[in-house]
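Dock chain P against chain W, hints included.
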Amino acid sequence: DAGVIQSPRHEVTEMGQEVTLRCKPISGHNSLFWYRQTMMRGLELLIYFNNNVPIDDSGMPEDRFSAKMPNASFSTLKIQPSEPRDSAVYFCASTPTGARYEQYFGPGTRLTVT
Amino acid sequence: ILNVEQSPQSLHVQEGDSTNFTCSFPSSNFYALHWYRWETAKSPEALFVMTLNGDEKKKGRISATLNTKEGYSYLYIKGSQPEDSATYLCAFINNFNKFYFGSGTKLNVKP
Numbered sequence: 001d002a003g004v005i006q007s008p009r010h011e012v013t014e015m016g017q018e019v020t021l022r023c024k025p026i027s028g029h030n031s032l033f034w035y036r037q038t039m040m041r042g043l044e045l046l047i048y049f050n051n052n053v054p055i056d057d058s059g060m061p062e063d064r065f066s067a068k069m070p071n072a073s074f075s076t077l078k079i080q081p082s083e084p085r086d087s088a089v090y091f092c093a094s095t096p097t098g099a100r101y102e103q104y105f106g107p108g109t110r111l112t113v114t
Numbered sequence: 115i116l117n118v119e120q121s122p123q124s125l126h127v128q129e130g131d132s133t134n135f136t137c138s139f140p141s142s143n144f145y146a147l148h149w150y151r152w153e154t155a156k157s158p159e160a161l162f163v164m165t166l167n168g169d170e171k172k173k174g175r176i177s178a179t180l181n182t183k184e185g186y187s188y189l190y191i192k193g194s195q196p197e198d199s200a201t202y203l204c205a206f207i208n209n210f211n212k213f214y215f216g217s218g219t220k221l222n223v224k225p
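Residue numbers (the working numbering), protein chains in the order written: chain W, 1 to 114; chain P, 115 to 225.
If we strip away everything but chain W, and leave its shape as in the complex, we get (with noise of 0.2 Å):
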């Protein structure tokens, strides 16, 4: 299995831009996560899906914040417009199902809103 694939891997944007991370979990795992990793808040969930339902968004900083996730393979994490604070790595993660499953992580993508 190629694992969790997380796209694009770096992106640099400009302020107001619309930016739009893709995330394709491990085929047949039933929950994904999306997380973000800042250097002054550390790794944070910003929402987590369980049969491409939304479990739990209550990590989704603002209304700029938007996931998605139409099917079982792919998901989306939109943020529209975008600021420089919302520059950091953007994790995502699958599982077989729920929390009580080791989570397998993306590499990451590194977004930079100039």
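Mixed in with the good hints, there may be bad ones.
[What the hints assert, rightly or not] With a cut-off of at most 27 Å between alpha-carbon atoms, the simulated BS3-like pairs for lysine-lysine come out as follows:
no.: 1; chain 1: W; residue 1: Lys24; chain 2: P; residue 2: Lys156
no.: 2; chain 1: P; residue 1: Lys171; chain 2: P; residue 2: Lys183
no.: 3; chain 1: W; residue 1: Lys68; chain 2: P; residue 2: Lys156
no.: 4; chain 1: P; residue 1: Lys212; chain 2: W; residue 2: Lys68
It should be emphasised that the hints constitute simulated quantities derived from the structure, not laboratory data.
Chain P only, in chain W's frame:
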């Protein structure tokens, strides 16, 4: 505010030393505890998922214990090697499926 605390924040040991660190979490509404190993510029790698009080898990030279009644988990590394240098992160998950991460223990193993 729910606190997950890890101690120490950082640790420097010599190759061959055994070491351990702690993750403290609330003793109520426990669902699961995760340990991760995170090397700089890489993705976190799952080490253990622990769900039952008294759990002990082992993977090679690394092992972990869990005490949900008092709210702590220990991670042990026996005979540390330079390749064990990484940040070790724990995450507490409560019955409401909320994740709370500690700030990690940064381990540096000198050859």
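Ascending list of hint numbers which this structure does not respect: none
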